[in-house]
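Read off the chains here:
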Amino acid sequence: MERGSREYVLWSIGITVVLIFALIPVLWLISVSLKPPESIADGRFIPSEVSFDNYKSLFEGGVDDSPFIKPLINSILIALSTTVISIVLASFAAYAIARLEFPGKRVILAGALAIAMFPPISTIGPLFDMWRALGIYDTYLGLIIPYLTFSLPLAIYCLVAFFREIPWELEQAAQVDGATPFQAFRKVIVPLAAPGMFTAAILVFIFAWNDFLFAISLTSSDASRTVPAALAFFTGESSFTEPTGSIAAAAIVVTVPIIVFVLFFQRRIVSGLTAGAVKG
Amino acid sequence: MEAHTERHPAASERTRSERRLAWLLCAPAVIAMLAVTAYPIAYAIVLSVQQIDLRFPDEGGFVGLDNYTSVLSSQLWWTDLFNTVFLTVVTVSIELVLGMIIALVMHRAIFGRGVVRTAVLIPYGIITVVAAFSWQFAFAPDSGFVNNLPLISDEMDWFGGRFSSFAVIIMAEVWKTTPFMALLLLAGLVTIDGQLYEAAKVDGASAWQRFTRITLPLMKPAILVALLFRTLDAFRIFDTIYIMTAGAQDTESVSILGFNQLISRLNLGLGSAVSVLIFICVLAIATLYVKVLGTRVEEGRPVK
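Protein chains in written order, with my numbering: chain A, 344 to 623; chain B, 1470 to 1773.
It should be emphasised that the hints constitute simulated quantities derived from the structure, not laboratory data.
The reader is advised that the hints may include incorrect statements.
Unchecked claim - Derived pair list, reagent style DSBU-like, types lysine-lysine, alpha-carbon separation capped at 35 angstroms: (1) B/Lys-1689 with B/Lys-1760; (2) A/Lys-448 with B/Lys-1670; (3) A/Lys-530 with A/Lys-399; (4) B/Lys-1670 with B/Lys-1689; (5) B/Lys-1689 with A/Lys-448.
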């Protein structure tokens, strides 16, 4: 394709349109979050005046009074815990599936796939009832458990695909040298598998970070409410002001780091999302 | 594969220890996955045949299929089911076309491939609730920027009507999930042997013929897998509707209905009946796709 040819121009226009469309909601939120209360409703895409008051108000009053700090801490801790536990459990299972022969392998893979398609709403009622009986309603654990369940299929499929690419011979060589299967796993496979595990970890973290349904159903206070749920409960400074500005500012605070991270690791994420997804 | 080693006595000790290890390694993940799916769905079925309203804890007991009869004879369930199916079909169709175009661009592009990949990953990284707020603010009649755009009436009240609300909801959903569709399709696209296109070109096939005669048939499995995942995902739509309209103007989905019964009204019996019905719908959709797909889905083989 030559520079300046008709095809080149068409490609360029197409790519620009895709990029703008992808960026609009983020740019718009940044714009809204920077508008002072007087001009927040002016409908302009580019703010006429810029103020950081919306961001300041998010963090005012420290952990106790800010509507945002505690949910942010909750979101980070819950998503990180989910990620660590999910990757450990999924690595064990994926190693067995990719490397060992045992009856039930197909059942586990099919079961994981079925869970990936399972409607979370169908578990909300029973979990609400069970968690209250068990005393883990509105706790970190109460959210981490369902997040584990629904992130494991994703992690297992991703890791099985990566683990199958790891050269068999190295593990066998280690076993010939006297390593037990577990040592072969820990000393040989884990270092080779680390990139795949990192990719799976990103996908699981984003899943837990994004969840809204469990977060509003299984929490009732800032004790464990995560950011997506907290945003839905944001209120304005007084009962007459809309919380638009603070929602936009909070949204940007939780969005920008993830976007930077996603863009930095984009190749890994693409390979993770598509791993094991296409079967011929 | 190596599944027949158990016939050889010499290998049986090793096989057995390998199996033991395999099961030990899989057990925690299997338990974690079943704990919040198999047990709760069984429990939901139990709850759905009882009258359980947490606001009236003293009343209750077995009521058989009464909850199901109440749900299935209510106008609300059918309206919400229509909304959910409508949103699913429209969203997934638009995504399939857009996703295919983006996948083809990413596959064929000599330049700009990285830019497109970057662009499609932005929506993936954004929390659905955050994206829903952004679009809601953008389409707000007075404070949003959309009504100030040319060709769009300044007075348009997007969330004042059912289908104009749907238009915004569909746009937000398409924006958020097309990347996933595009990446799945791209993964299928790269498996096609480039020589086929060269041969077709030599034989004088046009670009459109190459697409319909080579690309589409060879990508059928990848397309079906992508459609299966996205259809089931779209059918669970909750976040976007909850944030944008909370079900106002008859825009409720079945997931919102279930949530309202279970969590807002604390009617576990009726809500569980809705949950079980949603589960049955999902099962029906999955069965339909798997029938078309054959057994291919169950093979966890990565692309070579």
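Results of checking the hints against the structure:
At most 35 angstroms may separate the alpha-carbon atoms for a hinted pair to count; B/Lys-1689 and B/Lys-1760 meet this at roughly 14 angstroms. Between A/Lys-448 and B/Lys-1670, the direct Cα distance comes to roughly 44 angstroms. Violation of the 35 angstroms bound is thereby established for this hinted pair. For the hint pairing A/Lys-530 with A/Lys-399, the CA-to-CA distance comes to about 48 angstroms; that exceeds 35 angstroms, so the pair is violated. Restraint check for B/Lys-1670 and B/Lys-1689: the C-alpha separation of about 22 angstroms stays at or below 35 angstroms, so the hint holds.
Our distance criterion of 35 angstroms between C-alpha atoms is met by B/Lys-1689 and A/Lys-448, whose separation comes to about 26 angstroms.
Of the numbered hints stated above, those contradicted by the structure are hints 2, 3, listed in ascending order.
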